[in-house]
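Q: Protein chains in written order, with our numbering: chain A, 779 to 979; chain B, 6 to 255; chain C, 3 to 88.
Since the hints were derived computationally from the structure, they do not count as laboratory data. Glycine residues also receive a C-beta, built at the ideal position from the N, C-alpha and C atoms. Do not take every clue at face value.
Selected chain B positions facing chain A (Cβ under 8 Å, derived; list incomplete) [stated by the list, open to error]:
1. E21
2. V22
3. D24
4. W42
5. L55
6. A63
7. S66
8. P92
9. Y93
10. D102
11. Q103
12. I104
13. E105
In silico contact screen, one side only, chain A against chain C (beta carbon under 10 Å); selected entries [claimed, not checked]:
14. S813
15. P816
16. A851
17. D855
18. V859
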Amino acid sequence: MAIISRGFKGRRQEDAPRDRVPPGQYVTNDFPVLSAGPTPLISLDKWSLSLTSETGQTTSWTWDEFSALPTEAITVDIHCVTKWTKLDTSWEGVSVDTLLDGVQTSSGFLLVESYDGYTTNLPLADATNGKAWVTHIYDGEPLRPEHGGPARLLVPRLYLWKSAKWVRGLRLSSADQRGFWEGYGYHNYGDPWKEQRYAGD
Amino acid sequence: MERTAVRGRLNWLVAEVVDLIDETGTVKSIVLDCPDWPLHLPGQHVDIRLTAEDGYQAQRSYSIANPPAGEKVVVTVELVDDGEVSPYLIGELAVGDQIELRGPIGGYFVWTPEHGGPVQLVAGGSGLVPLMAMIRALAESDRQVPVRLLTSARSRETLIYGDELRRLQSSLDNLEVAYTLTRAQPADWQGYSRRVDQQMLAETSWPATERPLGFVCGPTGFVETVAANLVALGHDAARIKTERFGPSGG
Amino acid sequence: MTDMHLDGNALGALFIDLFGQEMTDQNGCCDACGAVNPFGRAVVYRDAPGDVMRCPDCGAVLIVAVRTETRLRVSIQSLRWIEVLE
Chain A
779 MAIISRGFKG RRQEDAPRDR VPPGQYVTND FPVLSAGPTP LISLDKWSLS LTSETGQTTS
839 WTWDEFSALP TEAITVDIHC VTKWTKLDTS WEGVSVDTLL DGVQTSSGFL LVESYDGYTT
899 NLPLADATNG KAWVTHIYDG EPLRPEHGGP ARLLVPRLYL WKSAKWVRGL RLSSADQRGF
959 WEGYGYHNYG DPWKEQRYAG D
Chain B
6 MERTAVRGRL NWLVAEVVDL IDETGTVKSI VLDCPDWPLH LPGQHVDIRL TAEDGYQAQR
66 SYSIANPPAG EKVVVTVELV DDGEVSPYLI GELAVGDQIE LRGPIGGYFV WTPEHGGPVQ
126 LVAGGSGLVP LMAMIRALAE SDRQVPVRLL TSARSRETLI YGDELRRLQS SLDNLEVAYT
186 LTRAQPADWQ GYSRRVDQQM LAETSWPATE RPLGFVCGPT GFVETVAANL VALGHDAARI
246 KTERFGPSGG
Chain C
3 MTDMHLDGNA LGALFIDLFG QEMTDQNGCC DACGAVNPFG RAVVYRDAPG DVMRCPDCGA
63 VLIVAVRTET RLRVSIQSLR WIEVLE
């Protein structure tokens, strides 16, 4: 039975807009850098992004080719499962819809791979129709390595571990496949509004 | 070498605050009386847990600043900007309050005079805290182990334990202390005035041929730089122990 | 750029909860590269969102810990052995 610490309130934000802050989250002005391992440093002349369909058909883009794709500027709130929420973050990137343009698929899942070996997974329906981007600009500047640059996936509707940094490959799959954190005990879907932090929540 | 005598799950103990000492404008030492404290070794840390009335909890680790002293545990806490726990510990906690802690933790980053030397200590900011526990243990001991400390702070105002270090370095023949103030120095300053680099380490630390036991503590970037420089000066990496505090300190 | 990683002693409490004793001064062997190091020397990434401990020599993932309000799940990955001094 823990004793109460007289006068301790923790982070209390009476002025935070509750309709934008999911349960259990607090608003931060920082952008914490959290990672499962060392920051990979990828030079742009070696960078590529691949998209593989469930039949094995692969499309890939070099940095120059990726940079020539149409981009969107978006402002979104992001929510990390470690409880911080950052409001009104601005990014620029290529919509996953654009990457999927012309690709025939009946798959239900998107498996994501990063340069450091990190993986994550989500239903394809949560990455399409304007719900996800591969971003390379944050706050008007090229995305820094510690935040996932040269490019990272951005899926604002799910906890931020789904927004894989240093994205290298997107794989369409008929079967779901747990990624790194999903396999170690975090929730397979990760909806911040339902507080789906851990497996079993 | 002594084994740390911790067995079984770490239980939360309730300690009482018996004294509060302002070390600098943003650093405070909290003296705790902790019944059933299992004794600790210099270099170890404790976890402190706070619980709000609605059950919300927050927990942080702090290095122990005193050598073993029965049920007395002293932690030195630096105020972290926008922090959650340190503003409470420094701004709100009062003598007579109770606080939960568990420990001691960390059997690797420890040193007592029985371990011998010579010893090389390098501290960045509040990284000095666990190393001060080692120095205080040295001061209490009969063993005249030779110890050299290089400590880095932004300014004289932010240097922790300054008076005590000056007193100890003049009263102990076997303790040498070098200081660097990286941002602001007083007019009569005789010490270093820049960030720790290989040259400074070469001038203030034991030569590699002495095979010192090394302990480096502070922010991650500081520890990386110092450890790499010590290795570049010929020190055995296996004899250098590090405790990184992360980006902002403890 | 320095990664904000910590040392093995950052997971000291976790080890005591799991093994019932201090482990940072005990040795472990990495299954990926065979290096033997005391756990205190391991490279630790915290709040990643879980905690990841990596081999200081080759970077392989040794242990992953995910702590929820009700349980602690520890995944042992590339650890060939752990040794405790009698």
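Q: State for each hint whether it applies.
A: Hints versus structure:
no.	hint	verdict
1	E21	violated (11 Å)
2	V22	violated (10 Å)
3	D24	violated (17 Å)
4	W42	violated (16 Å)
5	L55	holds (4 Å)
6	A63	holds (6 Å)
7	S66	violated (16 Å)
8	P92	violated (10 Å)
9	Y93	holds (5 Å)
10	D102	holds (6 Å)
11	Q103	holds (6 Å)
12	I104	holds (7 Å)
13	E105	holds (6 Å)
14	S813	holds (6 Å)
15	P816	holds (5 Å)
16	A851	violated (27 Å)
17	D855	violated (18 Å)
18	V859	holds (5 Å)
When each numbered hint is compared with the structure, violations occur for hints 1, 2, 3, 4, 7, 8, 16, 17.
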